[in-house]
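Chains A, B and C, in that order, give the protein sequences.
For the first sequence, the working numbering gives the first residue as 1, with consecutive numbering after it.
For the second sequence, the working numbering gives the first residue as 1, with consecutive numbering after it.
For the third sequence, the working numbering gives the first residue as 1, with consecutive numbering after it.
FYI, nobody ran anything at the bench for these hints, they're computed from the structure.
One or more hints might be untrue.
Distance condition first, Cα-Cα at most 30 Å in a straight line; then the derived DSS-like pairs of lysine-lysine [said to hold, decoys possible]:
(1) C:Lys-131 x A:Lys-364
(2) C:Lys-59 x A:Lys-379
(3) A:Lys-192 x C:Lys-31
(4) A:Lys-426 x B:Lys-116
(5) A:Lys-192 x C:Lys-485
(6) C:Lys-90 x A:Lys-406
(7) B:Lys-119 x C:Lys-65
(8) A:Lys-364 x C:Lys-132
(9) C:Lys-485 x A:Lys-185
(10) A:Lys-406 x C:Lys-127
(11) C:Lys-545 x C:Lys-473
(12) A:Lys-418 x B:Lys-144
(13) C:Lys-189 x C:Lys-229
(14) C:Lys-30 x C:Lys-63
(15) C:Lys-131 x A:Lys-426
(16) A:Lys-364 x B:Lys-26
(17) A:Lys-379 x C:Lys-31
(18) C:Lys-219 x A:Lys-192
(19) C:Lys-127 x A:Lys-369
(20) B:Lys-26 x A:Lys-185
(21) B:Lys-119 x A:Lys-279
(22) C:Lys-135 x A:Lys-379
(23) C:Lys-90 x A:Lys-364
(24) A:Lys-364 x C:Lys-127
(25) B:Lys-144 x A:Lys-99
(26) C:Lys-135 x B:Lys-116
(27) C:Lys-65 x A:Lys-185
(28) C:Lys-30 x A:Lys-192
(29) A:Lys-192 x C:Lys-6
(30) A:Lys-406 x C:Lys-131
(31) C:Lys-65 x A:Lys-406
(32) B:Lys-26 x A:Lys-426
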Amino acid sequence: MPKSLNIVSANCGKVTPGNVEEYVRAGGYESLKKALSMQPRAIVDEVVASGLRGRGGAAFSTGSKWAHLLEVRENPKYIVCNADEGEPGTFKDKLLLEKDPLCVIEGMTIAGRVFDSHDGYIYIRGEYRSIQHSFQKAIDNAVAAGYLGNNILGSGFNFHLHIMTGAGAYVCGENSALLNSIEGKVGRPRIKPPHLAEVGLFQMPTLVNNVETFACIAPILRMGGEAFHAIGTAESGGTKLVCLSGHSARRGVYEVPFGVSLRDIIFDPELGGGIAGGKELKFFHLGGLSGSIGCPAQLDTPYSYECLVRTGLSVGSGAVVVADESVCVVDYLKGVLEFFLHESCGKCIPCQKGIRQMYTIICKLSEGKATQEDMCLLKELACMVTNVSFCGLGQTSARALMSAWKHFEPEFAAHLNKQCPAGVCKL
Amino acid sequence: MTVQPGQCNCAAESFTERDVVAIVEKYGREQDQLLAMLLDIQEASGSSCVLREWAAIVAREIGLPLSKVFEVLTFYSMFSTEPRGRYLVEICKSAPCKMCKSDEVVAMFEKELGIKLGKTTPDKLFTLMHTSCVGACDIGPVAKIGEDVYGDLTPEKVSEIVNSYREKN
Amino acid sequence: MQPDCKNINLIIDGVPVSVPEGTTILDAAKKVGVKIPTLCHHPDLKVRATCRICVVEIKGQRKYKTACSTEVWEGAEVITNSPGVQQARKMVLELILAEHPQACLGCLRNTKCELQALTAEMGVANKNRLKKTVKVLPLDDCNGAIVRDASKCIQCGRCTEMCQEVQTVGAITTANRSMSYDVTTAFGKKLRETTCVYCGQCTTVCPVGALYEHDDTEKVWAALADPNKHVIVQTAPSVRVAIGDEFGLPAGTFSEGHMVAALRRIGFDKVFDTNWSADVTIMEEGHELIHRLTNRGVLPMITSCSPGWIKFIETFYPDMLPHLSTAKSPQQMFGALVKTFYAEKAGIDPANIVSVSVMPCTAKKIEAARPEMNDSGYRDVDIVITTREFARMIRRKGLDFCALPEEHFDDPMGVASGAGVIFGTSGGVMEAALRTVYEVVTKKELHALDFKAVRGQQGMKTAEVDLDGTPVKVVVVNGLKNARKILNEIREGKADYQFVEVMCCPGGCVGGGGQPVGTVRKTKASRMEGLYTADHKMNIRQSHKNPAVISMYKDFLGEPLGEKAHHLLHTHYTPREQQ
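Next comes chain A alone, as it looks inside the complex (with noise of 0.2 Å):
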């Protein structure tokens, strides 16, 4: 099995972006035009074979989704693209925005024609705003040839792609509250049911999906929704960009198949080639702060949404965050905490308060000053907060913090005797 393919960043530093000739030159807007001979059932179907999905994090199926749109008869219904990459360590949308603007715009393209939606956005997170000029002038090439806009290819259906800008809140990766920031209100998550699907964007049926995952659907119309689900595991279709950051000695983005090894990603000298400087991995905390740390025991476990579940981890955004030995697990905790301390919405009570309460604690374990007492209450907070939040935000602040203490409870209970093995804690 391959350690590493090119079949979403196929195109990626090879064809210069947002040129519409050398992206067809390259086999861009083959799918858009099997789409277009096709009925939208048809495309579905393709999409539910591959087995793909949702990249942005949740990994819900995709094919569900579109499945259950298409059921949704009112109109018009909105095709949007979530661009707030805004998980800490993930920069794998960012690569296909900046180096393949023209595939996330084929993908949109084709879920367009699936819905007969005439109106997509792209919400490209505020910290990208260099990359909304680019993915414009994207947006404008296509247009000017005939992939976007009004009768595309001839065919009478029109897609017009519009660019929203975020402004700094990591709360708008969620859909609701993404699409609540699309309409110019603060994003703060909706209350739900209804469902996107049926009540989305301008209250309006609303299809959401990530970056990367509008950017396998060109690959999959292409290669067939099989042959692309083939890639992957039993449960995870296809290929994943993983970014590997923090201190892995090749920090970048990899395209990898579901299946190979978190050993693989991490030390394969194609991937991640391992710790940087020669050290010693000490963890690694995958899919992003919302995400769970993982030990080196842990490191043969294959990379799939399915089996990483089942050691407690998560492929989540795509992120690894490689730790060494010089890491402190308390110390880096407190600035996972203090990240989501500083991105909780305030809307619901346990995520508002009960994060900053978690913070605290792990600020006094830090300093040395926390107590028994404080621990129980620390492991009492988290499970409330995870429990009892309104969004994935607030339900998942506390997962880094639930798995580190399972692997490395000898160092907490250390912090507690005053000292820091790693040395980084001034206690």
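Add chains B and C to chain A, keeping to what the hints say.
Leaving out everything else, chains B and C in the frame of chain A:
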């Protein structure tokens, strides 16, 4: 009416109601373009902020209560209602960059700019601050100035970068 | 139940129950006798599910569900009070308490606070295990109507929904995020520097003591204690069907007799009735309508009794001010007449009269303080207290409200018609006006006095009345969102009404911002019922047939819209800046 910019710097004084209205009009007075409008105002104002007076003009022009514009301004971390430097020097503080010693980058900029984190230089040119992940973890620790991201930083490189912005003014 | 409405069978705490499809777990639990605690939930507002206190466990599911927002499904097994659920709820409550001042004894909402009640129910001891971070924020109490004590706010979001979505005033909003998340005004300004119209609806939905009426009871006590002052009081129509709530009477109980007795015991020299001046209002406003109809005046004419509404139109629709009737509100007509007509009649120096009003409304405090409201030569109404403040005075005086004998208002400003009584509900002013206008215009006796089309709690009610061949189209709106709709229609020329009644608060004054805490739609319906029943029982049900009004015009004012009436009973309006 000329906008009264309060305790603001000179850059903002040349930014008037007409400029605000022009930006609102550029986006067709559409409420769903509020974020884009406010980001543009911040940038064009030269003071990286949206003052109450400007927010009030936006609210009036697009038919929203001022409180709703205020809610948006306080929700998104890229906005400020207090004047800041023309250039925001933002150091990523998220886990991957922090591991790669982003604190040292903060120190480099503090030294080069002669200000502490969170402060603005006396010439109102730079404000040094933290930011969430900017998606450049492969070259961390990174600094973002305006739309440009700089990675693999050394004190010499920092000095060079800061001077390039100084020369622009 | 409608035939197409499916029933859902589920089990709650081991008890099987069948409820209509679409019922929430919260409501379904009530059917099996289980009260699930709530905090952000309010029956008249949207489901928000943000406090998370109502979480329940569902068998077979890992995550808890909020009972207020989750609809039942077939076969669901709900456990409302498992140890895990209890622990989570207590933790949520503890988190709130860790940031709450807990200065209950000095709080206006002491014993009437939802957070306090919840804490008592759930048995959360004052544990100190969480980090206490009580923010001390400045008190905004300078506008004279509404006090905002942000330190006590628990960020439930009810008031912001009321202000932004129900009233579309946009004065208060949520702002910031995470631990800075708060309920505030644009740029943290004081309410009087915002678009606030002082309707006080926020104070009726606030579960704690973060928003409440400006308490003026001390001023009243001081006036009553001054031997040189002749202190009179007027009571608005809707107060008599609301005050009983404060003393355990069923919602909507018509307790006029007890109320009058209570006011006498408190020490007022004269106890008068705003219903009397409501009849005067109909004389003026009715004739103004007729004048506009016959002289090509600006139409439709819009009522002007509701001061929150007046501030609203002055702020948001200043171009529409010519549509407003120039007639003052009953409170202000009363005020102008008490220091002229009554003073003259009773031989009292108006300088020594203290005119107090008991109102269902916080905006009335602002109305009385408007600089133009001094046509008597003095401030027409000196002190305005709300129903809630009145209840506080009764308690302070140590009166057992329900045990008081039933007494009558004093003469001459205590005699009213049924038309005056129904001013307290949405549609009442319209109905009262029609009862008079019909007879004045047609010179015929009106037999069917009930205009049922304009009654009830719907936001917008329309009717057409035949004035002996001349059809008059009328519309009644309550709640400012509906007022906005009708104003937009008028502005765009899409409405062909001649007469519009607008009440600021949803339901009209029975749902006023100064009414007892806990007023909800159901309460308002009972109060409306109470008023219509009282009207129905009265001998005189038309304003122009009120003998006390007739003689006042004869002895003092002259004609409706006459010179003296114009001077004392009519006013003008001022366009206001939005920001």
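Numbers of unmet hints, in rising order: 7, 12, 13, 16, 17, 18, 21, 32
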